[in-house]
Amino acid sequence: MAGAVGGLISLPAWANGWTTETVRSSQQLLSSGQAELLAELVETIIPVTDTPGAKALNVHKFVQKMVADCYDKSTQENLQKGLDSLDGLAQKSYSKSFAAGDTAQRTALLTQLAKSTDTAQKDFYSLVKNLTIRGYMSSEYVMTNLTHYQFIPGHYYGCVPVQAKATSQPK
Amino acid sequence: MSNFNIDAQALNTYDAIVVGSGISGGWAAKELTGKGLRTLVLERGRDVRHVTDYPTTNTQPWEFEHRNQLKKEVRDANPIISKCYAFYEGTEQFFVKDAEHPYIQEKPFDWIRGYQVGGKSLMWARQTQRWSDFDFDGPARDGFAVDWPIRYADIAPWYSYVEKFAGISGNKDGLSTLPDGEFLPPHEWNCVEKHFQQKVAGKYKDRHVIMGRAAHITKPQPIHFQQGRAQCQHRTICERGCPFGGYFSSNSSTIPWAAKTGKMTLRPNSVVHSIIYDEKKGRATGVRVVDSNTKQMTEYYARIIFLNAAALNSNLVLLNSTSHRFPNGLGNDSGVLGKYAAFHNYRAGVSAEYDGNLDSTTDGRRPNSPYIPRFRNVHKQEMGFLRGYAAGFSAGRSSHSDQSSVGADLKESLLNPKLGGWYVGSHMMGETIPKESNYLALDATQKDPFGIPQLKISIAYDDNDDKMVKDYQEQLTEMFTEAGFKNIRVRDSHASPGLDIHEMGGVRMGKDPKTSMLNKWSQLHAVKNVFVTDGACMTSTSTQNPSLTYMALTARAADYAVKAMKQGLV
Ligand SMILES: Cc1cc2nc3c(=O)[nH]c(=O)nc-3n(C[C@H](O)[C@H](O)[C@H](O)COP(=O)(O)OP(=O)(O)OC[C@H]3O[C@@H](n4cnc5c(N)ncnc54)[C@H](O)[C@@H]3O)c2cc1C
Ligand code: SF4
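First to last, the protein sequences are chains V and E.
Numbering of the first sequence is given in UniProt numbering, commencing with residue 1 and proceeding in unit increments.
Numbering of the second sequence is given in UniProt numbering, commencing with residue 1 and proceeding in unit increments.
Treat the hints as calculated values from the structure; they're not laboratory data.
Predicted model, so just to flag it, every value in this text is computed and none were measured.
Please note: incorrect hints may appear among the correct ones.
Just the calculated beta-carbon pair ranges, DEER-fashion [unchecked claim]:
#, chain 1, residue 1, chain 2, residue 2, range
1, E, 356, V, 33, 43 to 49 Å
2, V, 87, E, 420, 21 to 27 Å
3, V, 150, E, 493, 31 to 37 Å
4, V, 162, E, 106, 21 to 27 Å
5, V, 145, E, 171, 16 to 22 Å
6, V, 87, E, 293, 36 to 42 Å
7, V, 119, E, 380, 55 to 61 Å
Here a beta-carbon is modelled for each residue, glycine too, at the ideal position from N, C-alpha and C.
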């Protein structure tokens with residue numbers, strides 16, 4: 001079980017759509033250090049505010065699982081390499097580990113990654129960011145509490161006035 | 001061999017045998033048992049019971065380990081089936097994995113299959129249009145295949161018959177190219193689709209945009225409640241199996257109905273190897289079956305045999321049924337068995353954007369979309385290609401969020417997507433021309449895991465298809481322009497044949513035994529107690545989806561078969 005990551009402590013009740021069963025990876029892709037760093041990374045991308053952030057929603061486990069199961073070897077290695085180099089970049093930029101940085105420092109670092117001329121670095125970042133967004137938006141918490149997904153709409157209305165808020169309705 | 005057991009033979013003898021339990025086999029089972037025949041239904045795949053065997057039917061999006069994306073190992077192991085849009089984490093269990101039943105692509109052909117009780121009826125997209133006389137008399141008019149031995153009038157009552165039971169929603173549009181049926185209420189339009197419909201109607205008198213006709217119960221009738229089915233709830237995850245029976249499948253409808261008669265014996269895991277022909281009796285007496293678990297061969301016997309293994313597999317079974325009398329496949333006196341296979345051309349699409357109707361949007365989901373019936377070469381040959389195409393059409397409102405930032409800003413933007421404009425899309429459904437050079441054959445050496453020769457598929461597009469793609473792209477572009485759609489983009493996927501999943505022919509119907517395999521009752525000219533009523537029997541392919549026609553042809557043939565049996569004709 002890849003579950004050892006953080007011992008799954010105090011999983012809030014609403015996060016139980018991802019049981020230990022569903023977050024188990026078929027292969028252990030990341031070391032525990034890499035996994036912890038990934039958790040900080042996804043939390044920086046989507047932080048806790050008045051609602052839970054990506055880390056509390058276990059998005060880092062989702063990212064790891066997706067890369068382990070659905071991507072090819074070179075992408076997997078790039079994830080590992082990217083994580084390994086992240087702390088080095090943090091040290092260089094603000095002389096601390098990524099995890100020890102404050103929000104502004106972490107954000108600055110991610111902006112730097114996004115603009116990087118090193119394609120491996122850029123790919124690493126866009127992979128993590130895209131999967132973080134996907135994992136967050138398709139988490140049970142977000143779908144049931146924030147975007148109000150309807151499993152059984154029971155209807156289709158073709159022309160309704162635009163409401164204040166759009167809702168996503170994936171399958 | 002030697003001490004053949006008479007009791008065992010009696011035990012394995014039925015009034016009728018149906019090979020396959022998919023869309024057409026389900027109807028054969030229902031009709032034959034309903035008329036009192038003790039019927040054995042042989043299905044090569046496993047049993048799939050309505051509701052209980054739909055493992056992902058109630059799975060929420062977040063419960064899928066990979067959010068419905070396929071694992072790499074699944075994709076790598078299944079390059080063919082992975083191309084099918086309906087194959088994803090939630091439906092893997094219903095599709096044949098590439099290694100399970102190998103075949104030879106003499107030319108590239110993506111053969112998409114569902115081997116289980118219910119066949120492909122579990123995963124199909126449920127579009128159901130009648131064919132018209134333009135389709136049935138097309139070959140006679142422009143000479144691209146042999147004449148059909150039937151016309152629309154022969155099959156119209158049978159369309160009505162199957163529509164009422166299956167539950168087909170649609171609007172009565174009064175079009176000669178697309179006869180109306182026995183419809184439940186149609187699905188709803190959205191405003192941009194309506195806008196397009198009106199623009200097209202305003203400009204062209206022979207082009208129409210109508211609501212798709214689909215096998216969904218929009219308003220259940222007593223006959224649907226009797227089947228234990230209920231109103232469609234608009235989940236649009238039908239291909240995982242629907243617990244409401246909201247759409248038609250063999251599993252929710254025909255097979256349980258046949259079971260209720262007490263006359264059906266359903267035998268899953270039974271791969272039919274061939275049909276047994278008795279030269280003394282001059283008729284088929286039964287089938288040879290390989291048990292897919294034990295690989296043991298057993299024989300079953302019956303007065304009549306319905307072959308409903310889906311087009312390519314029905315060809316395979318007949319090609320593999322050789323005897324002194326029929327060295328080239330059962331009933332193959334003409335030599336046309338396996339030839340003139342055809343399909344639908346789904347290669348092209350057109351998409352665009354629309355910035356009108358911005359004050360409205362849609363709510364809910366719809367398991368269906370509008371449809372543009374064929375308008376080319378209908379009344380006369382006007383184009384530089386034979387036949388025509390229909391098209392799917394739909395519109396929806398997009399929403400997007402700025403994903404450039406990170407942190408609280410990104411979160412805010414993700415949770416408050418902005419409504420974008422409307423997007424519109426269309427895909428083509430073209431008729432392809434049955435040709436002798438498009439054929440199916442058995443490989444001389446390579447066998448499948450059941451010891452049966454592998455099927456060799458040699459089917460390709462031709463120049464006619466390319467011309468049709470081009471015309472479709474041009475015409476849809478013109479219609480989209482007329483409607484004020486912007487950013488029009490055309491595409492041609494150049495995908496191999498097969499992904500349309502509408503393979504047909506090889507055992508075609510016709511008036512003349514010298515050029516066809518089946519007569520007007522889908523009965524082998526040369527072996528009167530064998531009926532082929534799936535896609536294999538199709539003389540030409542029309543532009544419409546085919547499955548409703550398989551249902552109607554099957555019900556009609558079963559009715560004839562039982563009458564003929566009683567009169568001692570088969
Ligand atoms: C994703 C998808 C979308 C589709 N959309 C549409 C649509 O919108 N409209 C439409 O009209 N059609 C559609 N189709 C096609 C439709 O599903 C088929 O036309 C229809 O199922 C064919 O019916 P059938 O009885 O010939 O074959 P099937 O439904 O495939 O059933 C054949 C059965 O025979 C069994 N069998 C095969 N060989 C043997 C053997 N040797 N021994 C014993 N059993 C055997 C198979 O296991 C299977 O269960 C779609 C198909 C798919 C997969
Ligand atoms: S859309 Fe209708 S038929 Fe399809 S799964 Fe939903 S309820 Fe069932």
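Going through the hints against the structure:
no., hint, in the structure
1, E/356 with V/33: 43 to 49 Å, "violated, 54 Å"
2, V/87 with E/420: 21 to 27 Å, "violated, 39 Å"
3, V/150 with E/493: 31 to 37 Å, "holds, 32 Å"
4, V/162 with E/106: 21 to 27 Å, "violated, 54 Å"
5, V/145 with E/171: 16 to 22 Å, "violated, 39 Å"
6, V/87 with E/293: 36 to 42 Å, "violated, 55 Å"
7, V/119 with E/380: 55 to 61 Å, "holds, 58 Å"
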